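**Student:** Position 82 of the sequence shown, counting from 1, maps to 90 under the working numbering, and the rest follow consecutively.
Listed next, the in silico DSS-like pairs over lysine-lysine satisfying Cα-Cα at most 30 Å (straight line):
{"no.": "1", "residue 1": "Lys79", "residue 2": "Lys144"}
{"no.": "2", "residue 1": "Lys156", "residue 2": "Lys133"}
{"no.": "3", "residue 1": "Lys299", "residue 2": "Lys441"}
{"no.": "4", "residue 1": "Lys133", "residue 2": "Lys114"}
{"no.": "5", "residue 1": "Lys454", "residue 2": "Lys299"}
{"no.": "6", "residue 1": "Lys286", "residue 2": "Lys241"}
{"no.": "7", "residue 1": "Lys400", "residue 2": "Lys441"}
{"no.": "8", "residue 1": "Lys147", "residue 2": "Lys133"}
{"no.": "9", "residue 1": "Lys441", "residue 2": "Lys391"}
{"no.": "10", "residue 1": "Lys55", "residue 2": "Lys144"}
{"no.": "11", "residue 1": "Lys241", "residue 2": "Lys215"}
{"no.": "12", "residue 1": "Lys299", "residue 2": "Lys391"}
{"no.": "13", "residue 1": "Lys65", "residue 2": "Lys133"}
{"no.": "14", "residue 1": "Lys373", "residue 2": "Lys422"}
{"no.": "15", "residue 1": "Lys422", "residue 2": "Lys286"}
{"no.": "16", "residue 1": "Lys156", "residue 2": "Lys114"}
{"no.": "17", "residue 1": "Lys65", "residue 2": "Lys147"}
{"no.": "18", "residue 1": "Lys422", "residue 2": "Lys391"}
{"no.": "19", "residue 1": "Lys391", "residue 2": "Lys373"}
{"no.": "20", "residue 1": "Lys241", "residue 2": "Lys299"}
{"no.": "21", "residue 1": "Lys55", "residue 2": "Lys79"}
{"no.": "22", "residue 1": "Lys206", "residue 2": "Lys241"}
{"no.": "23", "residue 1": "Lys373", "residue 2": "Lys441"}
{"no.": "24", "residue 1": "Lys65", "residue 2": "Lys114"}
{"no.": "25", "residue 1": "Lys441", "residue 2": "Lys454"}
{"no.": "26", "residue 1": "Lys286", "residue 2": "Lys454"}
{"no.": "27", "residue 1": "Lys114", "residue 2": "Lys79"}
{"no.": "28", "residue 1": "Lys65", "residue 2": "Lys55"}
{"no.": "29", "residue 1": "Lys147", "residue 2": "Lys55"}
{"no.": "30", "residue 1": "Lys422", "residue 2": "Lys454"}
{"no.": "31", "residue 1": "Lys144", "residue 2": "Lys133"}
{"no.": "32", "residue 1": "Lys133", "residue 2": "Lys55"}
{"no.": "33", "residue 1": "Lys133", "residue 2": "Lys79"}
{"no.": "34", "residue 1": "Lys454", "residue 2": "Lys263"}
{"no.": "35", "residue 1": "Lys400", "residue 2": "Lys299"}
{"no.": "36", "residue 1": "Lys263", "residue 2": "Lys241"}
Hints are computed from structural coordinates only; laboratory data are not their basis. For clarity, every value in this text was computed on a predicted model and none was experimentally measured.
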Amino acid sequence: MADEWNGELRLIVHDLGDTINVDVQLNDRLVQSVNTFYNWPAVNEPKQLFTIDLDRKVAGIFPLITYRSDKIYAQKYSQIRSIWFDLPDDDVDRPADHDSAVEFLKQYLPGGFVQDPTYGLGVTKELRPIIQAVEKIDKVTRIVIVAKETTRHEHSTFYFSDMDFDTLRVAFGRTTRRHQQESLMERNILAHNNVLHKVYPDTYRMKEPPYRPGTIYKLVGGHDAAQTVLERKDRTALLKTVVGNAAAIADRDPKEFVQLQKDLELVSLDRLIHSFEKSMARNHNESHWQKMLELNPFILSMVFGYPIVIVQAAASVGGGTIAGNGTKIADFLSKNSSSHNAAIVEIKTPQTPVCGTVYRGGAWKPSNHLMGAVVQVLDQRQKFTLSLSLHKQFSPALSDLQAYAVDCVIVIGKMPTDISQVGSFEMMRGQFKDVRIVTFDELLGKLLLLREMLTGERYVSSPDDEDDHDDLDALFEVEPDEEDDDPDFGEVENSSR
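Using the sequences plus the hints, can you model the full thing?
**Tutor:** Written out as structure tokens, the structure reads:
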């Protein structure tokens, strides 16, 4: 091949006065080799490579494939057949033969163009994305780069302002150099880590690429960052970065920081609603719901109507220490965050029935599960009230806890679908002045209402998928349900409850 490329082509000049056409004829041995290989006729016809219009002061090139290929002599690009550019206003050196034609290309082709006819002319390799972008426009076959035009598309021609093209060319060059520098830096880091650190880890620490301003903005999609889906490691790293820079963000970009808080809160609320919905559709035991409400106490605050804090989950309220063994265990011992008045919460499951059998005349009795829960929470309140002073002695942190009028809440079951059962349930729970009874679907309704007030739009449930259960457990750090020791969903428990 080396011999074939010595004197690989010749340029043939056709001087037509104000127009000069220059053809190219490739090396006979190269063309003959291609013709023989593909069983083509032994023909080596010159083909136009560029033209000069001295009257209009423009020149045009016709990029060709000039290497060994089944497309030899064909146009280099899929759509673009010619690229035109301005010539200087003063006298242009007229090419008359091969050598002067080669010199013309070196002298007058704009920056970013291949000047050696051996390579078929056209743009340099690093500028090829420009050609590819223009070729996405249907039926464009010509590019014109001149000073008197604005960058635009018209019919089969794409016009480039020479200033716009030059700006883009310089930006391409800067990007290429930057990536070359980054590549060299990464190779140096790889060499350091796999040679020095591997052999002498105590002397040479592991290196990581340094942070460069603008990196995150570019990597996550710039203006379209909101549409970018990050993988787990990237999500974790981004969150750590935001947390580490929270003070600086709040100080320098307060509006963005407030919006970030709102967006995160809304995402958290949406995820909680989604998980709450999916949990209600599954037969989770009480411990699952206790963990969810423990991690999201604001849900209970919506039930009580005032802000609460959870003092102790699975609290002993009948003796001993507040977190130790006792005769009565409440699912949650809470308190009003302002008055410190205590509150007791008993959690059942969404599958726990709230209505029992029909009594007469369409009236329904409350279920044994519900009545057992009422008796249970009232018994817990009595024991707690009597033993509060003892709890305070063993736990000084509880010194501000009060038992002025201990609120009692039961979260149980779902609202009945039968209208007669709904009526009986509402009348029954309305008669309990000391116990508030709330269903799980009512809790969900409060979350949906909160979201609607925050956003002004209704929540739309996302499609169910197989990974929801794993996502839920990860979100609330809930262990898989163990075998439920209370298959009756809350009949009056033994003395340990």
